[in-house]
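Protein chains in written order, with our numbering: chain S, 2 to 687; chain U, 2 to 687.
Read the hints as simulated data drawn from the structure, not as lab findings. Incorrect hints may appear among the rest.
Think about it this way: if two alpha-carbon atoms lie no more than 25 Å apart in a straight line, the pair counts; the simulated BS3-like pairs of lysine-lysine are [as the list claims (entries may be wrong)]:
1) K213(U) <-> K361(U)
2) K361(U) <-> K296(U)
3) K184(U) <-> K184(S)
4) K217(S) <-> K300(S)
5) K85(S) <-> K300(U)
6) K103(S) <-> K379(S)
7) K331(S) <-> K379(S)
8) K342(U) <-> K379(U)
9) K279(U) <-> K85(U)
10) K217(U) <-> K85(S)
11) K85(U) <-> K279(S)
12) K613(U) <-> K533(U)
13) K217(S) <-> K85(U)
14) K217(U) <-> K296(U)
15) K533(S) <-> K674(S)
Derived DEER-like restraints, expressed as beta-carbon distance ranges [stated by the list, open to error]:
16) M39(U) <-> T590(S): 22 to 32 Å
17) E538(S) <-> D47(U): 17 to 27 Å
18) L548(U) <-> G225(S): 25 to 35 Å
Glycine residues also receive a C-beta, built at the ideal position from the N, C-alpha and C atoms.
Protein chains: 2
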Amino acid sequence: MRTLLFVSVILLCALASASPDETEPQPSLMPWPASMQMGTGNLVIDTSFSVGISGPADTHLRQSVDLFLSDLRHQAGMPPLDMKVTDPSQAKLVVHADHASKDVQEPGEDESYSLTITSAGATLDAPTTLGVMRGLQTLLQLVTITADGFALPAVSIQDQPRFPWRGLMIDVARHFIPLDVLKRNLDGMAALKLNVFHWHLSDNQGFRLESKEFPKLQEMGSDGLFYTQEQARDLIAYAHERGIRVVPEFDMPGHSTAWFVGYPELASGPGPYQIERKWGVFDPAMDPTEERTYKFLDKFIGEMAGLFPDRYFHIGGDEVNGKQWSANPKIQAFMRSHGLKSNQDLQAYFNTRVQKIVSKHGKIMIGWDEILRPDLPKDIVVQSWRGQSSLADAAKQGYRGLLSYGYYLDLIWPASRHYGIDPMSDAASNLSPEEKQRILGGEACMWSEYVSPENIDSRIWPRMAAIAERLWSPQQVTDVNSMYQRLEAASQRLDWLGLTHNSSYWPMLRRITGSSDISPLRVMADIVEPVKDYSREETAPVEPTSLVPLNRLVDAARPESATGRNFAAMINLLLAGQADSVTKEEIRTWLIRWQNNQSELLPIAERSFLLKEVIPLSQSLTQVASIGLQAMDDLDRGESPGDAGKAQELAVLQQAQQQKAQLLLTIVPPIQKLVEAAGAHHSAEK
Amino acid sequence: MRTLLFVSVILLCALASASPDETEPQPSLMPWPASMQMGTGNLVIDTSFSVGISGPADTHLRQSVDLFLSDLRHQAGMPPLDMKVTDPSQAKLVVHADHASKDVQEPGEDESYSLTITSAGATLDAPTTLGVMRGLQTLLQLVTITADGFALPAVSIQDQPRFPWRGLMIDVARHFIPLDVLKRNLDGMAALKLNVFHWHLSDNQGFRLESKEFPKLQEMGSDGLFYTQEQARDLIAYAHERGIRVVPEFDMPGHSTAWFVGYPELASGPGPYQIERKWGVFDPAMDPTEERTYKFLDKFIGEMAGLFPDRYFHIGGDEVNGKQWSANPKIQAFMRSHGLKSNQDLQAYFNTRVQKIVSKHGKIMIGWDEILRPDLPKDIVVQSWRGQSSLADAAKQGYRGLLSYGYYLDLIWPASRHYGIDPMSDAASNLSPEEKQRILGGEACMWSEYVSPENIDSRIWPRMAAIAERLWSPQQVTDVNSMYQRLEAASQRLDWLGLTHNSSYWPMLRRITGSSDISPLRVMADIVEPVKDYSREETAPVEPTSLVPLNRLVDAARPESATGRNFAAMINLLLAGQADSVTKEEIRTWLIRWQNNQSELLPIAERSFLLKEVIPLSQSLTQVASIGLQAMDDLDRGESPGDAGKAQELAVLQQAQQQKAQLLLTIVPPIQKLVEAAGAHHSAEK
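Sequences and hints are given; from them, build the entire structure.
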């Protein structure tokens, strides 16, 4: 199968050079800039490369330049003794910011920059340090190797983001994600010009941050897996150096079981409580009718407001099922006496109280769709998991909002699908200009039911880069082929930053096979994808909980199979009559390899409990590949399977399209097309 | 070429199963234990696995068990919520240490352990916590995947080290190596049961540790690349948790230019001094005739003796060329007045003075061969880069010693060559039992002229594991084939610990080619090795210094080519008449791939300055492969090249054996054998 990968790379190059964009080479920038003009020539980067800072040089700017040089040295393999910050008059790159960015970064700060590179030197100008940071990332993406050394192409770029809020949420509650993993993801975010890290710090399955006011939160609610306040400060500083805001979320009044393990008096039902191990929506909710709840939250939010400098404070507010409220006579009495007709009304009452606390501590409240009720002040922000129409409704009512619908990374969609979702489309496209201003951007969400420190990077990257481009680049940048080409380059650059989305694949496959040869497993792993949407839960062989190991093939398999996508592209070429003999041969080579893979996998599979479950998948692969080869033969010979044969083949394919071991064979749909084409040929012949 | 790798893996398996050791599967332990009996059955390891500590449980022991569980979870992909420390009566693994190891680890502490695994449970007994640590590493190596889950095979092991001092020296002066890189190498050391990290902290090219007494040492002597004392303490604690001593080295009186940048008054020649950028032996040396030198060293060594808990303190003492001493009339006068006849005598005087200072601060002095003079007290330790006879001489004089000759990792030898070097061989084999006791063990040395944080792991690992086995396992464990098989398993386990010896290869190859396809480069990279011994310096295209980037193919290429070794093994099979048709076909497939590689590499090479230099190497590869194919044909047909043809081929091969771009083609010697066999065939036919 290593042959096949090799072939596939050649094919990729062939496809790339066939694309019109590639006739003149374009830099692999991601997100694509607002405006770019290529020049001629190159600026060589060698060990004498230097950066000068002209104009005001705040610490933040200097840090950014140092980080840039460190990344540049790493990318080019240069020693740390070179490429210094020097006097602007002698520097190859001159960086200028009109003024420093704010001490506490705010949404809407100017992030624009203007970059000019000639063979003599480069200048990067920006109104703020933030703009310089974004431009430095563009510079890193422009570095290429040439016959004369590393170099930057002559180019002129004017760039600014489309949306001021471009975020990634990571849920560290369902599976704890250690600080170093978060840091490398912040590096990835900075590389893609993302500017908000939304830290989902508490949920039923864990309370992950040290509280000094209420230490039983982490002591009893985290299994010992939490961040100290010192670590949180460290992360916030790390993010700040990269132009990234950190917005903490403490989900309330639902999704809060972990709080109640140490503080059962906050809950609406009798305790004791235990840390939740399962996934889903659960009954426990804070008691909105008790003053002690607000006293607790006042103290707690006060403590957290001191820890997190960002102006925004996320209270969650999603998925309260209200069962504890309905079951509690005291709460029912309170609702009657306060004229609260429904649990939604009660939650609105809670939100109003909490908003006042958040506001008292100098913060602006943000929450999920459910918090939106017209009695809340207009400065709050709504994060929509429901969609653009929910966002548009909020905007019409005067509320600012963020889109997260369509950006849930845990649903294992292809990058192209996320890429196609625009916060300003559908209902939002009809808003007035003033209302449109209220749509601040979007946030991708990495809910962590099925991620561990080992595979979380592969669930976030590189697909996150497509979302980053959607939120930064002009609305009309929508070419999916171009996106995928640049996504591959972005993915490789993320390797330099230490992201493990590519590298973690191999040890995970080796674990599954034992120490022996992984190649037959890899042949299959390269063309499967985990089940989509919420079917990971529905199709689980054992009840999924936080105690279940994430060491199966479904956990190692990439969310999007590049091999599968390339194979589908080859079949499309073939069926369009545009495949040359090399491509046809490549299709056959792949199919033969897949057809024969089972015989290589079976002996290994018998020795590994983690391989046993994929044997049926492997059988399907053999069948599907055989059908594909038959269809190729039929097409070549102008023969056809006959109606009965075709029906039988399609039935097999339909069966093969079902998940097995929670995995999908990506090559089934293109082979289905092949079979249908062979059949159509037959019909036409008759 | 990916085909070929695949083929090679199959071949490896074939070779493995042909080996007599493999008829009954043996665990891939490294170092091989002193004694082992396999049982029947398995102990399953699942999320319910637990460890109990019986007997005295010091913090150190508990830390070791926690580290073990963390490594085990990582290896098996288990969540952090499982596999707890429990009551021994309920535990699957019961760990017992008779008593704690010493607070400050000492050479010669008992590291033995005894491990018994049955399908019902496992026990690990040791006299000390150190022995438990070594046994826990054995346990991690025993974990395999089976049809029923992860498992430990039933086995009984009694094990102890052959030598009490099993070390790795890392030179952090010539190239600075950051703390995290050192830490992951400490993890690797612990996995291989190594117990001394020798930290070469100062040299002409840098003074790498903060001194609070003499801050100009690091401020002026390190380019800002140094460890704080807090970081040093952190590293020492990290090593201690893993049963590893940290021995600091501050090289004196030579190799000390970096000291003189801040403190020129210590030197024997007039300043000012600059940090040395070149490699080699330089003139600057401390002035042994000035009392201020000893006052300085007294204060400095006192400070460092407080920072480093280990009893041993390394003063270097190597390679003083004496030029500054000879050129200084005041020093010459001193020598005359003190009856010192040579610079060696002067250095001995210096060493005697320094030894008293070291001893006053409670430490035992250790130094390189050159320090050995009979006037030094018998408690000092000599580290020999000269060889076993130097070590034997020392032992006869009553001095303890360590072997480093033969263990220089920077000389880029194959693992088998290091493996074949025994501290007790040659001159040392004739020592009396009492004298033999004085040979404490050995230390591998990673001098850092040509390593960066990016490739240092690949220069240390996996070859270091062969040296670790030499120093731990019984003397009669010498089977090279078995070593290489287990080395591969050890190498893959090191991946789990975060070592980058395998993973750094790919990004380095991608950097060289640019972002495009690396496969033709890899075909070549897989069968080349960097030049050996000191010829990296001699053959350098530009003068090598600390400012020269280490981003060439010679920096990415592995010290030992597994593909080359496998190819040579296939040729040996062929020439022994033991190759079946599959092997013959594989040899041809490789040769054809190599023959054709140039045409794939050239188009890429034109776009990259880092590829340009390897074009002649690639041409050689094509020629050599063609000659190999011709020889295969000749052998098949019973024909021969004729004497003239053979001579011409051998001349080409001889030329191909020369380094190009500082790289050697590993396939030349086996192809030479092929050609000679074809010629011999011819002679026999005549």
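Against the structure, the hints:
no. : hint                            : in the structure
1   : K213(U) <-> K361(U)             : holds, 20 Å
2   : K361(U) <-> K296(U)             : holds, 13 Å
3   : K184(U) <-> K184(S)             : holds, 18 Å
4   : K217(S) <-> K300(S)             : holds, 14 Å
5   : K85(S) <-> K300(U)              : violated, 35 Å
6   : K103(S) <-> K379(S)             : holds, 24 Å
7   : K331(S) <-> K379(S)             : violated, 32 Å
8   : K342(U) <-> K379(U)             : holds, 24 Å
9   : K279(U) <-> K85(U)              : violated, 52 Å
10  : K217(U) <-> K85(S)              : holds, 22 Å
11  : K85(U) <-> K279(S)              : holds, 20 Å
12  : K613(U) <-> K533(U)             : holds, 22 Å
13  : K217(S) <-> K85(U)              : holds, 22 Å
14  : K217(U) <-> K296(U)             : holds, 16 Å
15  : K533(S) <-> K674(S)             : holds, 22 Å
16  : M39(U) <-> T590(S): 22 to 32 Å  : violated, 43 Å
17  : E538(S) <-> D47(U): 17 to 27 Å  : holds, 22 Å
18  : L548(U) <-> G225(S): 25 to 35 Å : violated, 47 Å
The structure does not agree with the numbered hints 5, 7, 9, 16 and 18 stated previously, though it agrees with the rest.
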